[in-house]
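Protein chains in written order, with numbering that gives the first Met the number 0: chain G, 0 to 587; chain V, 0 to 84.
By construction, these hints were calculated from the structure, which means they are not laboratory data. Please read these numbers as outputs of a predicted model, since none were measured by experiment. Built from N, CA and C at the ideal position, the CB exists for glycine as well. One or more hints might be untrue.
[Stated by the list, open to error] In silico DSSO-like links for lysine-lysine, alpha-carbon gap of 27 Å or less:
{"no.": "1", "chain 1": "V", "residue 1": "9", "chain 2": "G", "residue 2": "559"}
{"no.": "2", "chain 1": "V", "residue 1": "70", "chain 2": "G", "residue 2": "579"}
{"no.": "3", "chain 1": "G", "residue 1": "492", "chain 2": "V", "residue 2": "73"}
{"no.": "4", "chain 1": "G", "residue 1": "344", "chain 2": "G", "residue 2": "331"}
[What the hints assert, rightly or not] From the structure, some residues in chain V lie toward chain G, with a derived Cβ separation under 7 Å:
{"no.": "5", "residue": "24"}
{"no.": "6", "residue": "26"}
{"no.": "7", "residue": "39"}
{"no.": "8", "residue": "44"}
{"no.": "9", "residue": "52"}
{"no.": "10", "residue": "61"}
{"no.": "11", "residue": "62"}
{"no.": "12", "residue": "63"}
{"no.": "13", "residue": "66"}
{"no.": "14", "residue": "77"}
{"no.": "15", "residue": "80"}
[Unchecked claim] Only part of the chain V face toward chain G is listed, based on derived beta-carbon distances under 7 Å:
{"no.": "16", "residue": "23"}
{"no.": "17", "residue": "54"}
{"no.": "18", "residue": "64"}
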Amino acid sequence: MDLTTLTYIAVGLSFALYIGIAIWAKASTTGEFYVAGKGVNPVVNGMATAADWMSAASFISMAGLIAFLGYGGSVYLMGWTGGYCLLAMLLAPYLRKYGKFTVPEFIGDRYYSKAARIVAVICLIFISFTYVAGQMRGVGIVFSRFLEVEILTGLIVGMGIVFIYAVLGGMKGITYTQVAQYCVLIVAYTIPAIFIAFQLTGNPLPQLAFGSTVNGTGEFMLDRLNQVVTELGFLEYTTTSKSTIDIFAITLALMVGTAGLPHVIVRFFTVPKVRDARSSAGWALVFIALLYTTAPAVGAMARLNLTETIQTGEVGAEDGNLVFEERPDWMKRWEATGLLKFEDKNGDGRIQYYNDANAEFAAKAAEFGWQGNELSVDRDIMVLANPEIAQLPNWVIALVAAGGIAAALSTAAGLLLVISSGVSHDILKGTFTPNMTEGQELMAGRIAAAVAILIAGYLGYNPPGFVAQVVAFAFGLAASSLFPVIIMGIFSKKVNREGAIAGMLTGLVFTMGYILAYKGVFFDPIIANTPENWLFGISPEGIGAVGMVLNFIVAFAVSKVTAEPPEHIQVMIEDIRVPKGAGSAVDH
Amino acid sequence: MDEQSAAYWKRNVKLVSVLIAIWFIVSYGFGILFVDALNSIEIAGFQLGFWFAQQGSIYVFVALIFVYVAKMNKLDREFGVREDD
Numbered sequence: 000m001d002l003t004t005l006t007y008i009a010v011g012l013s014f015a016l017y018i019g020i021a022i023w024a025k026a027s028t029t030g031e032f033y034v035a036g037k038g039v040n041p042v043v044n045g046m047a048t049a050a051d052w053m054s055a056a057s058f059i060s061m062a063g064l065i066a067f068l069g070y071g072g073s074v075y076l077m078g079w080t081g082g083y084c085l086l087a088m089l090l091a092p093y094l095r096k097y098g099k100f101t102v103p104e105f106i107g108d109r110y111y112s113k114a115a116r117i118v119a120v121i122c123l124i125f126i127s128f129t130y131v132a133g134q135m136r137g138v139g140i141v142f143s144r145f146l147e148v149e150i151l152t153g154l155i156v157g158m159g160i161v162f163i164y165a166v167l168g169g170m171k172g173i174t175y176t177q178v179a180q181y182c183v184l185i186v187a188y189t190i191p192a193i194f195i196a197f198q199l200t201g202n203p204l205p206q207l208a209f210g211s212t213v214n215g216t217g218e219f220m221l222d223r224l225n226q227v228v229t230e231l232g233f234l235e236y237t238t239t240s241k242s243t244i245d246i247f248a249i250t251l252a253l254m255v256g257t258a259g260l261p262h263v264i265v266r267f268f269t270v271p272k273v274r275d276a277r278s279s280a281g282w283a284l285v286f287i288a289l290l291y292t293t294a295p296a297v298g299a300m301a302r303l304n305l306t307e308t309i310q311t312g313e314v315g316a317e318d319g320n321l322v323f324e325e326r327p328d329w330m331k332r333w334e335a336t337g338l339l340k341f342e343d344k345n346g347d348g349r350i351q352y353y354n355d356a357n358a359e360f361a362a363k364a365a366e367f368g369w370q371g372n373e374l375s376v377d378r379d380i381m382v383l384a385n386p387e388i389a390q391l392p393n394w395v396i397a398l399v400a401a402g403g404i405a406a407a408l409s410t411a412a413g414l415l416l417v418i419s420s421g422v423s424h425d426i427l428k429g430t431f432t433p434n435m436t437e438g439q440e441l442m443a444g445r446i447a448a449a450v451a452i453l454i455a456g457y458l459g460y461n462p463p464g465f466v467a468q469v470v471a472f473a474f475g476l477a478a479s480s481l482f483p484v485i486i487m488g489i490f491s492k493k494v495n496r497e498g499a500i501a502g503m504l505t506g507l508v509f510t511m512g513y514i515l516a517y518k519g520v521f522f523d524p525i526i527a528n529t530p531e532n533w534l535f536g537i538s539p540e541g542i543g544a545v546g547m548v549l550n551f552i553v554a555f556a557v558s559k560v561t562a563e564p565p566e567h568i569q570v571m572i573e574d575i576r577v578p579k580g581a582g583s584a585v586d587h
Numbered sequence: 000m001d002e003q004s005a006a007y008w009k010r011n012v013k014l015v016s017v018l019i020a021i022w023f024i025v026s027y028g029f030g031i032l033f034v035d036a037l038n039s040i041e042i043a044g045f046q047l048g049f050w051f052a053q054q055g056s057i058y059v060f061v062a063l064i065f066v067y068v069a070k071m072n073k074l075d076r077e078f079g080v081r082e083d084d
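Produce the entire structure from the sequences given, and follow the hints as far as they go.
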């Protein structure tokens, strides 16, 4: 069978599975729609959380990013896993004890303020739409490459599937489809990694192969990689050009941002007990770690494979580079997508791939008769091209396509649900139309989800130029606005309404202002985005960490000079700190 | 807050503080601040600092959560605040 047919079968079967689950798990109450009736087993919830969390970026882009950033890619590895320790120990159990439906609802109750709730909803909606646009884009890319259809067709199919299970099934439907999607994506990710690890080092476990010797050389893979890339003028793989303080700040912003992302937090509202919320975070991280410890190995192996495919012999030797006409088939296929490009600048019919931005090496390269780097590779293709590079059978390639779509759809659905519950539960029921019946609220939630899907699809088709840049926004805002007020709401009895609102607004305005000033987004940047201009040497990606600290300081300072929270709030805080009697906090 | 709950909360905060300190040391300490020093040690094909940044810290994160779960379950029983007892 040819690749396209196989891919249609793999993707079609996975879609049939998701729809089947959606029909089986239809939500009939708001409790089921928002939090799956609080009846999800903690291990199952862990798996659903892993799929919810691991987006198209984790599946498609991350290993490629690491391949080109080397040690610098560690910010994503630590940053996107470490937040689960914060979730497990500082947030999830207490929010589960609190026992209602949404994150803004907690903020509104704890700080006895509708204004605080509205600020939180606005942050939530902005963060979630930013994120969801990237997911829909991912769906479109996978469809256009593997199924050879227009991006628009791919998007419409993807939107249709999400519509069916998110709108019908709500959180309940999403939970069980996410479990299925996790299984699809993790199998699709690890199979090619295991094959490549085995081919390259003889050790099938990518996590170990990464530190093993390369077949036929006796050299450790990372040592060899360092040598191969530095010979071509690139930075040593195990080092970075970023400053220590920037690496520190970015990692912190990503970790804290993870713990403050509403679509992740809300997953812990779905388990039956407080202790399930704790263990569920552990299971989530186990399932996430399976992919996250494989990814750096995939990145390193991909970089080595790519470099050695092009640089077949000694650097500078006349026959040391790959002859263009003899390039492998996978390169030809990816050239068709425009994501891989070759330009024979010196007309020798061979491909030279080196760092021409390194002046010292460029001078040396000129002596070899090289006239600039001739190959450009989009980072996003490394994972998708992996099975082809390793010459794996077509069904593996088809599986990777289904895995990429699963990763994107599972995250998109989780995001759309928090947007819809923010609209129907926090904005409508909680603020403007408190007299709605449950049936009306459920209908409002479904309509909000449907509208959100349309907007997400539009953003995926016409990605505003700033989509890539606003990812820094999502994490920065979650870190600097939501995370600190939730933590203070649990761990301090002193922080009050005035403190929380002032803290959130400070974190929000500072972080947004900083990112806008350097990145522009809607206009040209006000200040050039270079390390010399950054505050304390911290890039816009890491500034959420500073925003978070400011939020804490302002909230404590303002609370100190204003009235203490009322008695019933202090009782509520005491109640959420103790597991026994889950749900009683609701009555206050 | 009665004395029992105050004691329970104090023990909880102490446990979390210790675990978060370890969390900080393996990631921000070994993986970032002291990465160069640790990279001079090479074990089984990995520079140690690089390994902590790309592998080790993640394994420790997982272990920390399960230690937390076990210790908290014990603490809940000790203070009689486990949900279904």
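The hints, checked one at a time:
A distance of roughly 23 Å separates the Cα atoms of residue 9/V and residue 559/G; the hinted pair therefore holds under the 27 Å criterion. In summary, the hint linking residue 70/V to residue 579/G is supported, as the alpha carbons are separated by about 16 Å, within the 27 Å threshold. Among the hinted pairs, residue 492/G with residue 73/V is consistent with the structure: their alpha-carbon atoms are about 26 Å apart, no more than 27 Å. Distance check on the hinted pair: residue 344/G and residue 331/G sit about 18 Å apart at the alpha-carbon level, within 27 Å; holds.
For residue 24/V, the shortest C-beta to C-beta distance to chain G is roughly 12 Å, which exceeds 7 Å, and the interface hint is violated. Of the supplied interface hints, the one on residue 26/V holds, with its beta-carbon coming within about 5 Å of a beta-carbon of chain G, less than 7 Å. This hint is violated: residue 39/V has a C-beta 12 Å from the nearest C-beta of chain G, more than the 7 Å allowed. The closest approach between the C-beta of residue 44/V and any C-beta of chain G is roughly 3 Å, which is under the 7 Å cut-off, so the hint is satisfied.
A hinted interface residue such as residue 52/V counts as satisfied when its beta carbon comes closer than 7 Å to some beta carbon of chain G; here the least separation is about 4 Å, so the hint holds. The closest approach between the C-beta of residue 61/V and any C-beta of chain G is roughly 5 Å, which is under the 7 Å cut-off, so the hint is satisfied. Proximity of residue 62/V to chain G is violated relative to the hint, the smallest CB-CB distance being about 9 Å (cut-off 7 Å). The closest approach between the C-beta of residue 63/V and any C-beta of chain G is roughly 6 Å, which is under the 7 Å cut-off, so the hint is satisfied.
Hint on residue 66/V is violated. Least Cβ distance to chain G is approximately 9 Å, over the 7 Å limit. The criterion of a C-beta within 7 Å of any C-beta in chain G is not met by residue 77/V, whose closest approach is roughly 12 Å, and the hint is violated. The beta carbon of residue 80/V is positioned within 7 Å of a beta carbon in chain G (closest approach about 4 Å), and the interface hint is therefore held. For residue 23/V, the interface hint is violated, since its Cβ never comes within 7 Å of a Cβ in chain G; the closest pair sits about 9 Å apart.
About 6 Å separates the beta-carbon of residue 54/V from the nearest beta-carbon of chain G, less than 7 Å, and the hint is met. Because the smallest distance between the Cβ of residue 64/V and any Cβ of chain G comes to about 4 Å, under 7 Å, the interface hint for this residue holds.
Taken one by one, the earlier hints fail for this structure at numbers 5, 7, 11, 13, 14 and 16, listed in ascending order.
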